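**Student:** Line order of the protein sequences matches chains A and B.
Numbering follows the working numbering, in which position 172 of the first sequence is assigned residue number 172; successive positions increment by one, without gaps.
Numbering follows the working numbering, in which position 24 of the second sequence is assigned residue number 1024; successive positions increment by one, without gaps.
Derived by calculation from the structure, the hints in this document are not laboratory data.
Incorrect hints may appear among the rest.
Below 20 Å or equal to it, Euclidean Cα-Cα: the simulated PhoX-like pairs (lysine-lysine) are [claimed, not checked]:
{"hint": "1", "chain 1": "B", "residue 1": "K1032", "chain 2": "B", "residue 2": "K1300"}
{"hint": "2", "chain 1": "A", "residue 1": "K15", "chain 2": "A", "residue 2": "K277"}
{"hint": "3", "chain 1": "A", "residue 1": "K265", "chain 2": "A", "residue 2": "K300"}
{"hint": "4", "chain 1": "B", "residue 1": "K1015", "chain 2": "A", "residue 2": "K109"}
{"hint": "5", "chain 1": "B", "residue 1": "K1109", "chain 2": "A", "residue 2": "K15"}
Predicted, not measured: the structure shown is a model, and the values here were computed from it.
2 protein chains.
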Amino acid sequence: METFNVHILGCGSAKPSNGHLPSCQVVEVRGKLYMVDCGEGAQMQWSRVGLGMTRLGHIFISHSHGDHCFGLPGLISTMGLLGRTAELHVHAPADLRPFLDCVLATFCKDMGYRVLFHEVDTSQHALVFEDRSIEVWSLPLRHRVPCCGYLFREKPLLPHIRPEMFACYDIPLSQANNIKMGMDWTMPDGEVIPNARLTRPADAARSYAYCSDTLFTPSLSSWLAGVDLLYHEATFGEDYLLRAKQTGHSTARQAAEMAVLCHAKRLLVGHFSGRIKDETAHLREATDVFPETLLASEGKTFEL
Amino acid sequence: METFNVHILGCGSAKPSNGHLPSCQVVEVRGKLYMVDCGEGAQMQWSRVGLGMTRLGHIFISHSHGDHCFGLPGLISTMGLLGRTAELHVHAPADLRPFLDCVLATFCKDMGYRVLFHEVDTSQHALVFEDRSIEVWSLPLRHRVPCCGYLFREKPLLPHIRPEMFACYDIPLSQANNIKMGMDWTMPDGEVIPNARLTRPADAARSYAYCSDTLFTPSLSSWLAGVDLLYHEATFGEDYLLRAKQTGHSTARQAAEMAVLCHAKRLLVGHFSGRIKDETAHLREATDVFPETLLASEGKTFEL
Chain A
1 METFNVHILG
11 CGSAKPSNGH
21 LPSCQVVEVR
31 GKLYMVDCGE
41 GAQMQWSRVG
51 LGMTRLGHIF
61 ISHSHGDHCF
71 GLPGLISTMG
81 LLGRTAELHV
91 HAPADLRPFL
101 DCVLATFCKD
111 MGYRVLFHEV
121 DTSQHALVFE
131 DRSIEVWSLP
141 LRHRVPCCGY
151 LFREKPLLPH
161 IRPEMFACYD
171 IPLSQANNIK
181 MGMDWTMPDG
191 EVIPNARLTR
201 PADAARSYAY
211 CSDTLFTPSL
221 SSWLAGVDLL
231 YHEATFGEDY
241 LLRAKQTGHS
251 TARQAAEMAV
261 LCHAKRLLVG
271 HFSGRIKDET
281 AHLREATDVF
291 PETLLASEGK
301 TFEL
Chain B
1001 METFNVHILG
1011 CGSAKPSNGH
1021 LPSCQVVEVR
1031 GKLYMVDCGE
1041 GAQMQWSRVG
1051 LGMTRLGHIF
1061 ISHSHGDHCF
1071 GLPGLISTMG
1081 LLGRTAELHV
1091 HAPADLRPFL
1101 DCVLATFCKD
1111 MGYRVLFHEV
1121 DTSQHALVFE
1131 DRSIEVWSLP
1141 LRHRVPCCGY
1151 LFREKPLLPH
1161 IRPEMFACYD
1171 IPLSQANNIK
1181 MGMDWTMPDG
1191 EVIPNARLTR
1201 PADAARSYAY
1211 CSDTLFTPSL
1221 SSWLAGVDLL
1231 YHEATFGEDY
1241 LLRAKQTGHS
1251 TARQAAEMAV
1261 LCHAKRLLVG
1271 HFSGRIKDET
1281 AHLREATDVF
1291 PETLLASEGK
1301 TFEL
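Here chain A stands alone, though its shape is the one from the complex:
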């Protein structure tokens, strides 16, 4: 299977507490890296995790609260110091643009690469970006400022060739790509070997959803149906349900209810408030509803 990993660089909330860092993740798909949110300290965490900055081309920001974007100035500057020349694309709600413009104008005048801003409409579920490996879709969320999550969908994969059938029919390996693309094989005597006999079905394309700061929003589930890994914020426990509602956040139980609603395969909870003293209890609150729940943690990698 090709790589599809989610690296957690930060999974705390706004106030530094409990040893957590603010939100930042790196999604790694087939050798490429996509950053999702960029809280303060992202560049230090990146350096600790040792992913190599040249493979990063796109950063997706969920909303313009500091704990989701204050790592951008440092990360962008450091990549300049490291001699980056490739363009960097920042996808974010419109209200982040003035901050980014100001950072670039004040600190990055002589930088050897360009940073391009792409406005994301947080009210739409729309295709934000695609390359050969993935599509990235926005997920409208409900928070105190314009805010969206991101859904990473792997593009359909090619079927596997069956080496034993290649041997049996004496098919040269140079034909592997054609046959993966669906070609039948014609023998020297004119017999046609149907493609289905030469291949095994492709692996199912995988998906990862990042639901950053949001009120519990059941209608989201239709876009998340069957997602392999759902990251859903769980800022509070049910004991702070009212506070969650007041501040535009969710509880661990609500994150688990979302995983049930959308038939996620696994749930990853994060964005922990400093009020959470016992993360095991926080996890239990979610697993009581959705057993396949995991706790996010700085430095951890989750494989899809």
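With chain A's structure known, arrange chain B on it following the hints.
**Tutor:** Just chain B now, kept in the frame of chain A:
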């Protein structure tokens, strides 16, 4: 003796490396806290050191390079979240103002306290700030952008009273402040006891100098004469002397030469480049010239 401490929150240079964090210090004088530079991660370090944010009223920024100021947005926002109401004063070169204005306009609209910007003329050695305990003076430095250091001078202290003389002449303790201020004591029979007999000389006022990013600049020493603790950047070792000159930095040996020139009591070196693999050797380069040299290190406190 009243408190006069320097807490190191970060002493690395721009690229995250060697486990160091970018520049940030807290000077603690008689219960008040003054921050000097505010690199990314300052608020997390502050939270680890546990100094309590309410005692901080003034931040002094040496120059507008990211590794000296990218911690400001997070620190300012977090103090807002923690319910701060007291004004915060940021003293910095003029070119930092647009960045701070943008941060305040984008992220701090509903904050319960004001942040006031005070422009520092980096070309002058001038009084930047004073309160009852200290004076803060700018120190013109030579770097790639307008840059200054800061000299913290404790104000002259009052003499100590001699309790045994108070007992001898039956002087009520309520007179202690008057006598500290220089008053003689008149006995009931008219005899005048001179102040000098009732007091011991005041402790010498202490001073701390922070010489952030700079080319070796011998003329600085006249302003630093006899400083108790000199923090001088030592980004490189002598093996990178040329690189130090090219980038507007100093070597460990040059930092030590400055300590010799200004007759500092102690030298603290920091702003370590990622190129420094062996800090013990770096320290040795300085101690060969000036034995009373110390290495800065995150989490360490230096008492004056």
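**Student:** Does each hint hold? Answer for all of them.
**Tutor:** Now for the hints, and whether the structure bears them out:
no.	hint	in the structure
1	B:K1032 with B:K1300	holds (18 Å)
2	A:K15 with A:K277	holds (14 Å)
3	A:K265 with A:K300	holds (19 Å)
4	B:K1015 with A:K109	holds (18 Å)
5	B:K1109 with A:K15	holds (18 Å)
Going through the hint list in order, the structure satisfies each hint without exception.
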